[in-house]
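Student: For this one, chain A is given, so just place chain B on it according to the hints.
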Amino acid sequence: MKLQKAILVVCIAIMVLWGQTVLAENPVRGGKLVVAQKAEPPGLDPTSNTAAAIDRVVYANLYEGLIKVDQNGNFVPLLAESWEVTPDGLTYTFHLRKGVKFHNGEPFNAKVAKWNFERDMGPKSVNAHPEFFRGIAKMETPDDNTFVVTLKDVDALFIAHIAEGDAVMLPMKGYEKAKSHPIGTGPFKFSKWVRGDRVELVRYDGYWNPELPYLDAVTFKFIGDASAQIAALKAGDIDVISSIPAPESAKELAADKRLKVFAGTTTGEVIMSTNNKAKPFDNKLVRQAMAYAIDRQAVIDLVMFGYGTPIGSHWSPSTPYYVDLTQKFPYNPKKAKELLAKAGYPNGFEATIKLPAIYSYSKRAGEVIADMLGQVGIKLKIEIVEWGQWLDRIYKKKEYQLTMIGHVEPWDIGIYANPNYYFQYDSQEFRDAYSKALKARNDAEKAKWFGRCQEIIAEDAVNGYLFCAPSLPAMKAEVMGWWKNYPTIALDCTQVWIKK
Amino acid sequence: MRRLLKRFFSNLNFSLGFVLSFVVVAMALVSLVWTPYNPNRMNPRDRLQGPSISHPLGTDQYGRDTLSRVMTGAVNSIIVGLVTVAIGLTVGVLLGLAAAYYGRFVDEAIMRFSDLLFAFPAVLTAILITSVLGPSMINAMLAIGVFYIPIFARLTRAVAQGVWQQEFVTAARASGIGEWAITRRHILPNILSPLLIQGTIQFAVAILAEAGLSYLGLGTQPPNASWGRMLNEAQTFMNLSPWMAIFPGVAIAWAVLGFNLLGDGLRDTLDPRMVKVR
Chain A
221 MKLQKAILVV CIAIMVLWGQ TVLAENPVRG GKLVVAQKAE PPGLDPTSNT
271 AAAIDRVVYA NLYEGLIKVD QNGNFVPLLA ESWEVTPDGL TYTFHLRKGV
321 KFHNGEPFNA KVAKWNFERD MGPKSVNAHP EFFRGIAKME TPDDNTFVVT
371 LKDVDALFIA HIAEGDAVML PMKGYEKAKS HPIGTGPFKF SKWVRGDRVE
421 LVRYDGYWNP ELPYLDAVTF KFIGDASAQI AALKAGDIDV ISSIPAPESA
471 KELAADKRLK VFAGTTTGEV IMSTNNKAKP FDNKLVRQAM AYAIDRQAVI
521 DLVMFGYGTP IGSHWSPSTP YYVDLTQKFP YNPKKAKELL AKAGYPNGFE
571 ATIKLPAIYS YSKRAGEVIA DMLGQVGIKL KIEIVEWGQW LDRIYKKKEY
621 QLTMIGHVEP WDIGIYANPN YYFQYDSQEF RDAYSKALKA RNDAEKAKWF
671 GRCQEIIAED AVNGYLFCAP SLPAMKAEVM GWWKNYPTIA LDCTQVWIKK
Chain B
7 MRRLLKRFFS NLNFSLGFVL SFVVVAMALV SLVWTPYNPN RMNPRDRLQG
57 PSISHPLGTD QYGRDTLSRV MTGAVNSIIV GLVTVAIGLT VGVLLGLAAA
107 YYGRFVDEAI MRFSDLLFAF PAVLTAILIT SVLGPSMINA MLAIGVFYIP
157 IFARLTRAVA QGVWQQEFVT AARASGIGEW AITRRHILPN ILSPLLIQGT
207 IQFAVAILAE AGLSYLGLGT QPPNASWGRM LNEAQTFMNL SPWMAIFPGV
257 AIAWAVLGFN LLGDGLRDTL DPRMVKVR
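Sequence order for the protein chains is A and B. Using the working numbering, you'd call the opening residue of the first sequence number 221 and step up by one each time. Using the working numbering, you'd call the opening residue of the second sequence number 7 and step up by one each time.
Source of the hints: derived by calculation from the structure; they are not laboratory data. Cβ coordinates follow ideal geometry from the N, Cα and C atoms, glycine included. Among the clues, some could well be false.
Stated by the list, open to error - Partner residues are not named here, just some residues of chain B that face chain A (Cβ under 7 Å, in silico):
#	residue
1	50
2	227
3	242
4	243
Claimed, not checked - Stretches of chain A that chain B covers, calculated by requiring three or more beta carbons in the stretch to come under 8 Å of a beta carbon on chain B:
#	segment
5	469 to 483
6	601 to 613
What the hints assert, rightly or not - Some chain B residues judged to face chain A by a derived CB distance under 8 Å, without partners named:
#	residue
7	68
8	141
9	223
10	228
11	229
12	245
13	246
Bound-form chain A, shown alone (with noise of 0.2 Å):
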């Protein structure tokens, strides 16, 4: 009996203990990890140069800013522990955090953050988006930890832009060398750039959270081909391979034991861009009778595999202040008949879509949505345009009926205001609800307001809303941490560790 119940102990401290080792997943530090990204960046400093590919390598990972956009797409504290906003929604007072190293041993304080947004703003700013800090009236630093900042007007997007990577922290001294010897205060520092090969960086010791990261180095290795980032992953060349380019190759590398793919979300909006003052599609009716003639979730199934989130408006899920609009418009094709046939077009009409030859989800969305439009009688010619063509003939001179893109940038609703961007939009309505949502003061009011301007756009259908591109990063099964959605332009390698 005794020994009965002495196995019996031991048989339930082992299944605890294993218990303890399979559930618990606690990170483990150290390892190397290599990632695959598409495009080598034209240099490493976020602060000049708007390249995404420049954010994919060393926002969060080499550089900090201020504040950061966490993988929920929440703004979330990085050098400043906590903000406060006065209710006026005028000034902004950030508590710096302490014991801040740059990679270079230089301290991080109230001073330096101060420079670089002078830096960011002044008259011979490099950076590519200057108006995010010219709304700054003045700014202060009552101490070494405390940064005032107060702006001219209200400006709901100021957090959103401070978080980005254009307004990271430099060093002030050895910022000069940024692009091609990058200094910041992030959890990793870099080693060495190969030149059409790989960035590497590797564990800065002296990083302020003394937990992380827990990777001992990380190399970004660029590799443009879709089929040779397969290859690499499956050969175990590399780790990662940050975005898949062809949704189909998806299934088959999450069939693969070895491997995990993710499915998340990202911040670009696929769109049917529509012509608003080119004949017909000047007409509110025809417009949304194309929305009804879509079926959204066919389009995901056919162009991306089943990959992608479907949208109602120009505003991506994993953004906040997102309203699901989805229903707005649901598949019906009886419906989009009657509506054409109200518009004065009961037998439909002949158009032209005009497609970018390098987007290849551009160039099926297309094919899918000429079939789609061709079951209620509206004919679609397609025509696929090259892409400096494209920029120039459609983008900048306007000339054309419908194309189909995909807008990366976040918080991008703005466009719309201007009716001289390619969509020729012009509605009143939109931009006081714009205009309001900027000043907006509080998250309530911006919540309310920036759902008013995409239920307005939906409403008049202004584009075909498609799907929100899906993040489909892949990797090897013990990679740990990764992010799964992409609500910035970022590949933080922060919290990533390797199961052992």
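Tutor: Positioned in the frame of chain A, the structure of chain B alone reads:
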């Protein structure tokens, strides 16, 4: 007539080529009035299927029926073959006849012009033309057709020169028949068979060239079916559904082989030199 047919069909190349090309032409003709499905209609529920009873050649990534698309693709290929050979023949024969008849300066000019066209690699020329004029089936046909002009011009000139020196032409001249009438009554019929042989072979080359241009995205535009485009669309799906690439590939090989063999067979039976060898 029956004897001629017998002579043709006793040739293995011709018989085989005839059967293969007949299938392609028949398929194209049938598709004009009937295909199992609408070749451009998408069907999300049936995508990437392998061969089955309802879809004998499977379906593509949009659920379109591959058999229907291969059938309408045949029409596309045949139109391209006919139009390009027609362009090459009309312009080429006229130039060749002119060169053979006038000789000297005209001959020299036309032949050097041919050399110039020949100096450009065919497919590169076609890519150049389609990228300047914009990708479309008509421009692709124009590009291939232009490249055919010197081929037919040279052939016509070479054969016609020989015929002009024949005694019956001299006799015709002596009896006072006009130059144009001689060309029509004596020269053309005598150069017909080499042109027919060359035309058949160029027909096959045109199918291949159109498939190549469409594969590069410069030929037939979506959603219309072209064998080359079907191959292009299939390539990223090779691991998921190889059927998508196999059937248009077989169709191209089949048609090109068929028309080539037909051309070879025609040459074997029509070319007087070949007959002498036997």
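Student: State for each hint whether it applies.
Tutor: Structure-based check of all given hints:
1. 50: With Cβ-Cβ at 5 Å, under 7 Å, it holds.
2. 227: At about 6 Å, which falls below the 7 Å cut-off, the nearest Cβ of chain A leaves the hint on residue 227 of chain B intact, so it holds.
3. 242: holds (5 Å)
4. 243: holds (6 Å)
5. 469 to 483: holds (count 3)
6. 601 to 613: holds (count 3)
7. 68: holds (5 Å)
8. 141: Holds: closest Cβ of chain A sits about 6 Å from residue 141 of chain B, inside 8 Å.
9. 223: holds (6 Å)
10. 228: Where the cut-off is 8 Å and the nearest Cβ of chain A is about 5 Å from residue 228 of chain B, the hint holds.
11. 229: holds (5 Å)
12. 245: Cβ of residue 245 of chain B sits 6 Å from chain A, so the hint holds.
13. 246: holds (6 Å)
The structure shown violates none of the earlier numbered hints.
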